[in-house]
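**Q** Can you build the whole structure from these sequences, using the hints too?
2 protein chains.
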Amino acid sequence: MSQARRLVLGSSLSIGGSHTSVWRHPRYWSDASINIDYFVSAARKAEEGKLDFIFVGDSLYVNDHTAPHLINRLEPLTLLSVVAGATSRIGLVGTLSTTYHEPFHVARLFGSLDHISRGRAAWNVVTTALPGTAENFGRDSHLEHDQRYRVATEFLDVVKGLWDSWEEGAFLRDKSSGVYFDASKLHTLNYKGEHFSVRGPLSMERTPQGRPIIVQAGSSDAGKDFAARHAEIVFTHQPSIEEAKRFYHDIKERAAKLGRNPNELLVLPGISTIVADSAAQAQQKQDEIDALIDIDEALKELERYLDPAAIARIDLDEQLAPHLDGLLTDGYQAETERIAQLVHKENLTLRGLALRMSTRAGHNPFVGTAEHVADAIQQWFEAEAVDGFIVSSGPIVPEGLHHFVDQVVPILQGRGLYHTDYRAETLRGQLGLPVPPNRYAQATT
Amino acid sequence: MSQARRLVLGSSLSIGGSHTSVWRHPRYWSDASINIDYFVSAARKAEEGKLDFIFVGDSLYVNDHTAPHLINRLEPLTLLSVVAGATSRIGLVGTLSTTYHEPFHVARLFGSLDHISRGRAAWNVVTTALPGTAENFGRDSHLEHDQRYRVATEFLDVVKGLWDSWEEGAFLRDKSSGVYFDASKLHTLNYKGEHFSVRGPLSMERTPQGRPIIVQAGSSDAGKDFAARHAEIVFTHQPSIEEAKRFYHDIKERAAKLGRNPNELLVLPGISTIVADSAAQAQQKQDEIDALIDIDEALKELERYLDPAAIARIDLDEQLAPHLDGLLTDGYQAETERIAQLVHKENLTLRGLALRMSTRAGHNPFVGTAEHVADAIQQWFEAEAVDGFIVSSGPIVPEGLHHFVDQVVPILQGRGLYHTDYRAETLRGQLGLPVPPNRYAQATT
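Those protein sequences? They're chains D and L, same order as listed.
Per UniProt numbering, residue 1 is the first one in the first sequence, and the count goes up by one each step.
Per UniProt numbering, residue 1 is the first one in the second sequence, and the count goes up by one each step.
Check each hint, because a few of them may be wrong.
Copies of the same chain are indistinguishable here, so a pair counts whether it falls within one copy or spans any two.
To be verified - In silico DSBU-like pairs for lysine-lysine, Cα to Cα no more than 35 Å straight-line:
| # | residue 1 | residue 2 |
| --- | --- | --- |
| 1 | Lys-285 | Lys-50 |
| 2 | Lys-185 | Lys-160 |
| 3 | Lys-285 | Lys-175 |
| 4 | Lys-192 | Lys-257 |
Just so you know, these hints were derived from the structure itself, not from any lab.
**A** Written as structure tokens, this is what we have:
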């Protein structure tokens with residue numbers, strides 16, 4: 001490795017995470033998910049802390065069982081465009097689905113965000129887990145898991161091809177000669193694949209970052225292969241430093257085997273932090289939040305992973321293990337596998353699993369004093385379990401983010417672990433990720 | 001009519017219009033179409049003049065024959081979201097196609113813009129005229145003209161239905177009871193039509209305007225019927241006050257026949273103004289701009305209306321009339337009909353038509369002193385030929401808009417014809433357009 005590793009910190013402004021009732025906390029901004037003032041003020045707070053980027057999730061299907069914080073939300077690209085105008089350096093990561101979108105629109109949306117933000121756009125590529133989504137897009141059925149990744153691979157090929165439509169410097173705008181663009185630097189994609197057929201070119205010059213950064217969160221086997229091939233940032237969930245290490249080395253090896261420089265793929269688990277003046281006070285805050293859990297809400301949330309009809313048939317306090325076969329859904333494959341292991345290992349009842357999934361109780365090393373949280377971050381980073389973290393703005397939104405920026409970041413900066421100012425104008429520059437060459441550009445000799 | 005008519009003025013920030021070489025003018029901001037600073041500063045200038053809205057066009061297909069100002073542009077919704085954050089009262093009209101988009105995405109994008117802007121969003125519904133667009137979306141062929149309008153009608157039914165998913169006040173967010181929303185105010189669309197099948201609900205609460213305003217620019221017979229049924233603003237091009245009057249009364253009658261209040265459909269032709277200290281100076285500026293025209297560029301622009309292969313076969317100075325059959329394309333039907341009439345009436349050659357289309361020479365009553373331009377606006381408005389205008393930010397971008405705001409608007413205000421401040425917080429309020437009732441809401445008794 002020629003360069004020192006850099007700790008990367010993003011902030012997830014997506015509301016909620018797994019705790020379905022935390023919005024009831026007195027200090028929780030309960031309409032945040034639909035309130036642009038929340039996103040602008042949180043992004044500015046994150047920029048105050050020199051965080052590398054903000055992250056915004058998405059979904060394309062809700063019903064009356066959807067968790068409160070997910071049922072009412074702004075669309076990510078419009079949201080991030082407002083934030084782009086209200087900030088100047090922080091990166092902007094937004095989520096769009098390859099299963100329910102058109103590559104031409106997606107290339108334009110993220111290309112436009114990259115132009116608008118002067119080089120701060122990143123696309124979190126998702127394949128969409130919830131089967132009901134198909135019904136919002138006139139599809140007979142939701143594609144099965146691995147097929148979604150095959151479509152996604154082609155989708156990315158097309159989008160990257162469209163982003164290469166115009167070489168650097170193609171637009172001359174020479175008023176005296178009347179030459180607006182250099183036609184030799186315009187390339188028509190003419191893509192014809194199994195799932196997509198797209199002519200091009202994109203109606204947009206090369207973006208400030210060459211192309212927006214690719215982020216990916218799949219952690220199934222197909223998801224990890226996809227990430228190793230395409231992703232520059234991997235967003236993941238890892239319950240312990242040991243599991244994080246295994247994941248980190250697995251994904252970096254997969255990338256290396258594909259001929260990629262593993263340093264150009266950053267592994268960032270999502271974490272939720274609770275910061276207080278003492279360990280006891282932090283735990284008290286955690287207990288206060290856990291006490292808000294409503295078992296009905298927790299069960300609804302489980303329907304992402306377990307078949308709703310089956311849930312309804314099982315007694316709350318019955319052992320779950322004997323029922324598991326055929327109960328787990330096709331989406332979120334890595335998570336459902338983890339659930340199966342947990343149920344067997346700890347002999348969980350349905351109630352036990354629901355509460356466990358809602359609180360992630362006993363699994364959070366990032367609860368404690370600011371020193372403790374900074375120590376944990378340093379430990380995971382130096383153990384090469386992570387390249388950094390995506391820190392939730394919660395659990396109490398947006399107080400979690402404010403405490404992190406005001407109390408934890410200065411400690412990391414004081415230790416020389418984290419930058420005290422942005423290093424570059426673009427997110428690629430900031431993260432040390434290279435600008436991908438345009439596929440058509442002649443190497444200069 | 002119970003209320004006095006209000007003069008409405010919007011500004012089109014779309015670059016170019018019909019003049020393909022005006023970017024060569026020394027004062028033209030030649031990278032404006034891809035530069036967010038242009039859109040933000042122009043929107044702020046328009047807001048300084050209390051203009052009702054800004055308008056942004058779009059297209060989904062370019063090739064190396066596309067006019068310079070259209071080949072490299074920002075995506076409208078991301079662009080308008082930045083502008084939403086940088087302004088506080090002006091309306092935001094953006095263009096999206098019903099032929100190449102999904103209703104669920106479009107409902108979210110404009111719904112999100114309406115939330116983000118606190119009630120200033122409007123959707124310019126287009127059916128997409130350029131047949132090549134099909135190739136960017138994996139379609140075998142572009143739908144023919146009237147079929148596009150049938151699809152658009154269904155598309156709008158779906159989008160309006162999705163916008164009604166949640167009644168006013170559905171989100172209670174009651175922390176003490178734990179009730180986040182009132183389930184009786186949630187409605188699942190379950191739409192199944194000929195072209196679309198969309199379950200719903202939308203993952204977004206009712207927007208500040210009830211729903212975004214619908215704008216439409218079709219002027220063919222199918223287009224006018226569609227506008228009469230759905231549009232709240234009709235964007236049109238009318239070469240003379242007489243033609244404008246005929247169009248105005250035609251469209252208002254069509255709306256009345258469908259049981260609509262014709263005052264709730266505003267007819268706004270697009271105009272390009274040139275303002276100078278004297279009529280002679282204004283004409284001189286017009287001549288300066290026209291002198292920039294390049295015949296090759298002008299011919300390329302004609303390819304929107306005439307088959308390119310046919311254009312290549314015809315001598316530039318030959319009479320065009322005998323060749324017209326089979327030469328006109330299927331898109332922009334009203335415009336191609338106008339071209340056919342013009343060619344026959346004035347015995348135009350190919351060169352003559354190209355220059356005529358590029359300059360619209362001799363057809364612009366809005367060139368002259370500020371008083372003259374204000375007089376023309378007043379005359380068209382008082383003659384009930386229009387409800388107002390959509391004023392181009394050009395022809396010299398953005399100087400045209402600045403001159404209009406600084407010199408023409410104050411005269412209209414001085415005459416009591418135009419407001420001196422915004423009347424309302426939302427664009428609907430500003431334009432006097434009613435908030436559409438939610439289809440599921442019980443009338444209060």
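**Q** Are the hints correct? Go through all of them and say.
**A** We went through each hint and held it up to the structure:
1. Lys-285 to Lys-50: within (27 Å within a copy, 50 Å between copies)
2. Lys-185 to Lys-160: within (16 Å within a copy, 43 Å between copies)
3. Lys-285 to Lys-175: Between. Shortest inter-copy distance 17 Å satisfies the 35 Å Cα cut-off; intra-copy 64 Å does not.
4. Lys-192 to Lys-257: within (28 Å within a copy, 48 Å between copies)
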